[in-house]
Each structure stands twice: as C-alpha cells, then as structure tokens.
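Visitor: Sequence:
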Amino acid sequence: MAELEEKPIQEIDDLEKSFVLADIGTTNTTVILIDTVDGSYRLVACASVPTTARLPWLDVMTSVQQGIGRISEITGRKLLNERGHLIRPPRKDGSGVDHFAMVVSAPSPLKTVLVGLYDEMSLASLRKALRTIYVQEVEVVSLADTRPEAKQITAVIQSRPDLITIAGGTDGGAEERLLRLVEVVVIAAMVLSNSQLPHVLYAGNLKLREQVRELLEENAHLHMANNIRPDLATEQLDDVMRLAEELYEDIKIQNLPGIHELSEWAGFPTLPTARAFAHICHYYAGQEQRVLGIDLGSNSTTLVMAQAGQVHLSVRTDLGMGEPMAHLLRHTAVDNIMRWLPDEMDEPDVANYLVNKSLHPQTIPLTEADLHLEQAAARAMLHCALQSTAVEWHWTSNGQAPHAPAFDRLLVHGAVFARAPRPGQVMLLLLDALQPTGIFSVGLDQYGVLPPLGVLAAHQPLVVVQTLAAGVLSELGWVIAPAGKGQPGKKVLDIVIESPTARFEGEIEFGKIEVFPIAPGQEAQVMVKPIGRFDIGFGPGQGKTLTLTGGLVGGLVIDARGRPLTLPRDPHDRCSLMRKWQWDLGG
Numbered sequence: 001m002a003e004l005e006e007k008p009i010q011e012i013d014d015l016e017k018s019f020v021l022a023d024i025g026t027t028n029t030t031v032i033l034i035d036t037v038d039g040s041y042r043l044v045a046c047a048s049v050p051t052t053a054r055l056p057w058l059d060v061m062t063s064v065q066q067g068i069g070r071i072s073e074i075t076g077r078k079l080l081n082e083r084g085h086l087i088r089p090p091r092k093d094g095s096g097v098d099h100f101a102m103v104v105s106a107p108s109p110l111k112t113v114l115v116g117l118y119d120e121m122s123l124a125s126l127r128k129a130l131r132t133i134y135v136q137e138v139e140v141v142s143l144a145d146t147r148p149e150a151k152q153i154t155a156v157i158q159s160r161p162d163l164i165t166i167a168g169g170t171d172g173g174a175e176e177r178l179l180r181l182v183e184v185v186v187i188a189a190m191v192l193s194n195s196q197l198p199h200v201l202y203a204g205n206l207k208l209r210e211q212v213r214e215l216l217e218e219n220a221h222l223h224m225a226n227n228i229r230p231d232l233a234t235e236q237l238d239d240v241m242r243l244a245e246e247l248y249e250d251i252k253i254q255n256l257p258g259i260h261e262l263s264e265w266a267g268f269p270t271l272p273t274a275r276a277f278a279h280i281c282h283y284y285a286g287q288e289q290r291v292l293g294i295d296l297g298s299n300s301t302t303l304v305m306a307q308a309g310q311v312h313l314s315v316r317t318d319l320g321m322g323e324p325m326a327h328l329l330r331h332t333a334v335d336n337i338m339r340w341l342p343d344e345m346d347e348p349d350v351a352n353y354l355v356n357k358s359l360h361p362q363t364i365p366l367t368e369a370d371l372h373l374e375q376a377a378a379r380a381m382l383h384c385a386l387q388s389t390a391v392e393w394h395w396t397s398n399g400q401a402p403h404a405p406a407f408d409r410l411l412v413h414g415a416v417f418a419r420a421p422r423p424g425q426v427m428l429l430l431l432d433a434l435q436p437t438g439i440f441s442v443g444l445d446q447y448g449v450l451p452p453l454g455v456l457a458a459h460q461p462l463v464v465v466q467t468l469a470a471g472v473l474s475e476l477g478w479v480i481a482p483a484g485k486g487q488p489g490k491k492v493l494d495i496v497i498e499s500p501t502a503r504f505e506g507e508i509e510f511g512k513i514e515v516f517p518i519a520p521g522q523e524a525q526v527m528v529k530p531i532g533r534f535d536i537g538f539g540p541g542q543g544k545t546l547t548l549t550g551g552l553v554g555g556l557v558i559d560a561r562g563r564p565l566t567l568p569r570d571p572h573d574r575c576s577l578m579r580k581w582q583w584d585l586g587g
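Numbering (our numbering), first residue to last: 1 to 587.
Calculated directly from the structure, the hints in this document are not laboratory data. On a predicted model such as this, the values are computed, not experimentally measured, just so you know. Even glycine gets a Cβ: it sits at the ideal position worked out from N, Cα and C. Any given hint could be a false lead.
Label pairs and their in silico Cβ distance ranges [unchecked claim]:
(1) Leu-55 - Asn-356: 15 to 23 Å
(2) Ser-108 - His-85: 25 to 33 Å
(3) Asp-570 - Leu-197: 35 to 43 Å
(4) Thr-332 - Arg-503: 40 to 48 Å
(5) Ala-144 - Leu-546: 44 to 52 Å
Using the sequences and the hints given, assemble the complete structure.
Guide: This is the structure we're talking about:
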C-alpha cells in the first residue's frame with residue numbers, strides 16, 4: 001500500500017449548484033444526481049447500467065447517457081438535449097445541471113514489465129508504487145532470473161507491455177549489474193518500437209540516468225523518476241506513483257472509446273476510481289481517525305488505509321468479482337472458498353462457478369446457493385488481498401499472522417456488498433474475511449456514491465460534506481471484536497447497554513458472535529469490560545464506556561470468535577457453524 005500525496009482542499013466558491021457524477025467501471029456504470037434540497041446538498045437519484053466500453057458499442061458515452069436517462073425517468077427532470085448531450089447550464093424550466101464529473105476504472109490494466117536488481121528491494125518498492133493504479137504485472141526481469149538473456153528479451157517482447165519500469169542500485173551504488181538488465185530492455189525496445197514506441201520509466205541509480213537516456217531515447221518514450229531506493233533504508237515512491245498515474249491516464253483513460261466527448265462535459269479532472277475512493281476515505285479520516293476502505297470491484301480490489309494527513313492505497317487487478325474470478329485459485333486453495341459455505345458443495349462445482357462468473361461478470365445470483373458461493377469467493381478474495389498487503393507493509397508483530405492494523409471506521413463499496421439481501425450477510429462477510437480486532441463502525445456504499453464524491457473532494461468540499469451528512473451511506477452498525485484466545489464457553493466480556501427506552505445487561509462467551517440490541521439510528525451508552533487478557537483496544541482487561549449508534553444489523557455486534565478464526569475440520573460441522581453464524585447476525 002503506497003502513500004498518496006494529498007492536495008490542499010479548496011473552498012467552494014458558489015452555492016446552489018447541481019451535479020451529475022459518473023463512475024465508469026469495467027462492468028457497470030453508476031450515475032448520480034446531486035442537488036440542493038431545502039438549502040443543503042443531497043443525493044437526489046442514482047442509476048446503474050452496463051458499461052458500453054466493449055463490443056458492440058465501443059463508446060462509454062452510451063452507458064453514461066443511459067444512466068442519465070434513467071435518472072430523468074426517476075426525477076422527471078430533463079438532463080439531455082435532443083442530440084444526447086448534457087444540458088449545461090440549467091435552463092429556467094428546471095432542465096439540465098451545472099456540473100459534470102467522472103471517475104474511471106473501465107480501461108484494461110496497464111500491462112507492465114518490472115526490471116530490477118532484487119525482488120525484496122527495488123522490485124518490492126516498484127510494486128508498492130505501481131499498485132496505486134490499475135497495473136497488470138506481465139513480466140519480471142531481475143538478477144534472480146536464471147533465463148538466458150535471449151529468453152529474457154523474448155519474454156519482454158512477447159508480453160507486449162504498455163510500460164517497462166526499471167529500478168535498482170542505490171544512488172552511487174550498483175552500476176554494471178543494473179546496466180546489464182537495461183541492455184535487455186534496450187534490445188526489447190528496439191523490436192517493440194517497430195510497431196509502437198514503448199514507454200519506459202527509469203527509477204534507479206541517479207548516476208546512470210544519462211547512460212540510460214542515451215541507450216533508450218531513440219526507441220522508447222523515456223520517463224525519469226527519482227531513485228525509488230536511494231539507499232537501503234529509504235523508499236521514495238511518490239515520483240514513480242505520480243508518473244505511473246499520468247501514464248495510466250495517457251495510455252488507458254484517454255484511449256477509452258467515447259471518453260473525449262465526455263471530457264468536454266467535465267468541469268473537473270477525471271480520476272481513476274481507486275484514487276477517488278482514496279480521496280473520500282481521507283475525508284472520513286479527518287473526522288474519524290483511522291479508516292479502512294474496501295472497493296471490491298468487477299476487475300480489481302482496492303484497499304485504502306487513511307488517517308489524518310496520510311493515505312495509503314493498494315490496487316490488485318488480479319483479484320476481482322468479474323474476469324479475475326477465473327484465476328482466484330492461483331492465489332488460494334479451493335478449500336479457502338468452500339470453508340465459508342453453509343452447505344456442502346463439490347470442488348468441481350466451485351471451480352465451474354468461478355469460470356462461469358469470469359465469463360459473464362454481469363450475472364447476479366439467482367439461487368441461495370449461488371449467493372452463498374459468491375459471498376464465499378468474496379471472503380477468500382478479500383482475505384488474499386489483505387494478506388498480501390499486510391506482508392508488503394509489514395503489518396505483523398511477534399510472529400503473528402499478517403493482519404490489518406486497528407481502525408475506527410470501515411467503508412465498503414462494491415456490488416457484492418450492495419446487492420446482498422440482508423445487512424447481516426455483509427457484516428459477517430467482512431468479519432470473516434478481514435478478521436479485525438477493536439471497536440469500529442461499518443458503512444456500506446449501497447448507492448455507489450463514494451468514488452464519484454471523491455472526485456469533488458478537493459474542489460467542492462461543501463457538496464461532499466453535506467451529501468454524506470444527509471445519510472447517504474447505509475450504516476450497518478458498530479462492532480466490538482476482542483483480541484485474545486480462550487476456550488469455548490469461557491466468558492470474554494461483560495456488557496451493559498443503556499438507551500432512552502431500555503437497559504440491557506449481558507455477557508458473551510468465547511467462540512460466539514452476537515448482536516446486542518440497539519435500534520437503528522438510536523444512541524446508547526455501552527459499558528464494556530473484557531475479562532482477563534482479552535483486549536478491545538485499550539489494553540488487556542481494560543474496559544470503556546462508549547456512546548454508540550444502532551445500525552441496520554439491529555444492534556451492536558460483538559465478535560468473540562477469536563483471531564485467527566478456527567473452523568471445524570469436519571465439513572458437516574463446519575457448514576452447521578456457518579449456518580449458525582448467519583442466523584446469529586440475521587443473515
């Protein structure tokens with residue numbers, strides 16, 4: 001997860017404006033209308049339609065127009081003229097809007113070759129920087145590569161990369177070994193340039209810049225960045241991140257069919273969806289300390305960790321609920337999907353589902369079995385993304401398994417969450433996949449507004465503040481997840497809940513997950529006291545009195561199942577436990 005540079009927020013300079021915002025994804029396009037209602041900005045309407053970037057349409061404007069058309073049907077407000085163009089500025093009859101903006105994740109990932117000295121140093125830093133955009137790693141060349149040079153060159157050529165990145169050598173350090181790797185790129189670029197000049201980004205030893213320039217400038221579009229590893233103890237990711245995002249925009253977004261016509265409507269810079277999602281997580285972090293954001297999309301999975309003044313972003317294009325589903329078993333065993341199913345299923349049936357889902361990403365579950373399988377795959381996918389990010393960012397201590405650091409707010413975006421029939425299913429999915437500890441609240445982006453609002457965050461902050469304050473998120477509720485180990489049946493904590501209408505006292509035993517009643521939207525005083533060495537974030541055995549608000553799951557969720565979760569080995573017993581947990585959370 002790489003750290004993003006945050007630009008200062010500019011104050012809004014006019015009021016009473018209306019906005020059409022579009023999120024153009026790989027599979028679906030979401031369009032939302034924001035306008036003032038009783039003097040405050042509100043989400044007025046939203047619509048989701050299939051994206052039309054591919055055959056037979058090859059024009060993303062078509063899906064945006066269809067989404068806007070649906071909003072017009074919902075609101076009775078004319079937004080497009082006879083030629084299908086957005087009406088701007090608004091007319092006296094109430095038609096049209098003031099502004100249009102969009103975020104985009106529809107292009108294919110930036111196919112990238114990584115060239116570096118060592119996997120645990122320069123290549124690891126390159127991966128961190130490049131995972132802030134939509135990148136597909138198609139080839140790696142390093143000193144550990146035992147292939148003959150000719151085969152390395154052939155591999156680079158056959159991968160047909162959009163971008164070749166080179167890193168390695170501290171400033172004033174290794175030269176000869178890095179230049180040998182550069183020679184591979186030089187020869188490959190000569191061949192690739194016969195059809196199109198490749199883009200090459202150099203982020204290695206500064207002393208070699210001019211030599212690299214002389215070797216590559218005739219056969220490549222060469223981009224120079226600061227050394228990503230100027231010394232062994234220092235990473236400089238920002239420059240590579242900035243250039244990579246610019247290249248993604250130039251190579252991918254600007255070549256999306258129909259994007260130029262849409263850009264003529266836009267009054268704000270078009271952002272990659274992942275970056276816009278990071279912006280909105282940063283907004284929340286300014287209010288709620290530490291925020292974990294999850295966007296489980298069709299062709300990518302995005303993790304954001306944000307706190308005041310800092311945003312870290314990690315994008316995995318090899319994990320997603322659409323086309324990447326076919327390759328999920330490369331990252332995890334089929335047992336890690338089947339373990340979350342409430343009913344037994346054969347391995348071939350699971351594998352067939354993953355392939356079919358990748359071929360038809362727009363399909364939705366039609367049976368309860370399909371729904372359970374989709375949610376089980378989402379658990380495995382999220383767990384994979386979290387584990388790899390945790391290792392990459394050293395979220396481990398004292399020999400513990402990789403895990404996310406504590407957070408105060410969990411924001412989730414994606415169709416697999418938004419279309420879940422019951423909020424308890426979403427809550428259980430997240431707790432199973434992430435296995436977090438501490439005290440936090442969960443907000444579900446059911447209407448797909450967070451990335452589109454993220455594009456406005458730096459330009460129209462009042463719009464973002466008022467729209468979110470109006471309750472545009474579905475608040476699932478608060479969670480207390482004690483850290484610690486115990487025996488099943490052993491008491492983990494005592495709890496007292498006092499609301500204006502009732503008082504409740506209870507306890508929870510190790511191995512259980514329960515919902516303690518607080519009505520949705522109702523505030524309650526919660527006194528919680530861990531037993532023994534169990535820790536809810538204030539130290540072993542340390543309790544706290546909190547003011548919490550009830551959510552859609554019907555109360556305060558206490559997850560005392562332990563970390564990591566331990567499931568029965570017997571398939572029948574495991575399925576029975578899954579059904580019990582679903583029942584306990586109303587799923």
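Visitor: Each hint needs a verdict: does it hold in this structure or not?
Guide: Hint by hint, here is what the structure shows:
no., hint, verdict
1, Leu-55 - Asn-356: 15 to 23 Å, "20 Å, holds"
2, Ser-108 - His-85: 25 to 33 Å, "28 Å, holds"
3, Asp-570 - Leu-197: 35 to 43 Å, "60 Å, violated"
4, Thr-332 - Arg-503: 40 to 48 Å, "45 Å, holds"
5, Ala-144 - Leu-546: 44 to 52 Å, "50 Å, holds"
Consistency note: the structure conflicts with earlier hint 3 alone.
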